[in-house]
Structure formats: C-alpha cells, structure tokens
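Going by the numbering used here, the residue at position 86 of the sequence shown is 86; the numbering climbs one at a time, nothing skipped.
Hint data in this document are derived by calculation from the structure and do not stem from the laboratory.
The reader is advised that the hints may include incorrect statements.
So the derived label-pair ranges between C-beta atoms look like this [unchecked claim]: (1) 43 <-> 17: 27 to 35 Å; (2) 95 <-> 115: 20 to 28 Å; (3) 37 <-> 61: 32 to 40 Å; (4) 110 <-> 18: 40 to 48 Å; (5) 17 <-> 106: 37 to 45 Å; (6) 102 <-> 44: 32 to 40 Å.
Even for Gly, the Cβ is constructed at its ideal location relative to N, Cα and C.
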Amino acid sequence: MHKLSSLGVHMNGFGLSVALRAYLIFIRPILEYGLAIVPASWSDVQILQKAQNMCLRTCIQRPDATIGVVHIAALASLPNLFTHSHALQAKFLHRAETLPSDSLIKALTMQLDLSKEKTTWGELRLGVLWKKT
Numbered sequence: 001m002h003k004l005s006s007l008g009v010h011m012n013g014f015g016l017s018v019a020l021r022a023y024l025i026f027i028r029p030i031l032e033y034g035l036a037i038v039p040a041s042w043s044d045v046q047i048l049q050k051a052q053n054m055c056l057r058t059c060i061q062r063p064d065a066t067i068g069v070v071h072i073a074a075l076a077s078l079p080n081l082f083t084h085s086h087a088l089q090a091k092f093l094h095r096a097e098t099l100p101s102d103s104l105i106k107a108l109t110m111q112l113d114l115s116k117e118k119t120t121w122g123e124l125r126l127g128v129l130w131k132k133t
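Sequences are here, hints too, so could you generate the full structure?
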C-alpha cells in the first residue's frame, strides 16, 4: 500500500474512493489468500486486521496514527476479517460439496472422510458454519 500511496493513490492524490478501490483490488486479496482453505486462529486474524487497518490509514495519509478506521472500512463496505474468513470458508466448503463426483477435490475429500487422521478439511467441516444435516 505504501508503493501505491507514493504513486498518489491516497486521499489527497486521486481521492479517497480511488484509494479504497485500489486497496480492494490489489491489497485485500493478498490478505485474504488462504483464509478459505485454512481455519485461521483468532491471533492470525488479528495480525491481518492490524495490517488492514494500517493500509486503510495509508489511504488517508496517516499510516502511523492511532485513529480508528471503522468509518473508513464502512465507506469501503469491508467486513472485519474474522467474519469474512468464515464466509470464505463456507463458500469453499459449499463449492467443494456441490462439485461432480468425478472431480479431483471430491475424490480427495472422500478419501479424507474415510481416513481417521486429523486434517484441515475435517476441521473446516466441523466448524460452526458448516454442519451437515
């Protein structure tokens, strides 16, 4: 985000809406990478949330300030990363469950279900958001 800010993508350069849009397009996907397939702990999400807050402060040209960024996140329609990680996991599990039976992930998950080992797939499926009825 500092590189984008040095190019003028901030509140006083191209404007706040452009800065937030650039954050959503270029930076947010990097922060979210892997959240769908790995159950993140609270401390992991807190680290990512701090990084997001710093990026949002950079959008308003105050990266070192201790001001809150709730209103900036609301302007960009950003949910907090903990909630968003659960939503990404639920979408991933739904897609994986609705794939055809001859797909690779379906074959792998069937093998993992038969296995008695503790796996990341099992942790995701036992999560609060995903319970088979």
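To see whether the hints hold, each was checked on the structure:
no. : hint                   : in the structure
1   : 43 <-> 17: 27 to 35 Å  : holds, 33 Å
2   : 95 <-> 115: 20 to 28 Å : holds, 21 Å
3   : 37 <-> 61: 32 to 40 Å  : holds, 35 Å
4   : 110 <-> 18: 40 to 48 Å : holds, 47 Å
5   : 17 <-> 106: 37 to 45 Å : holds, 42 Å
6   : 102 <-> 44: 32 to 40 Å : holds, 35 Å
Of the hints listed earlier, there is not a single one the structure fails to meet.
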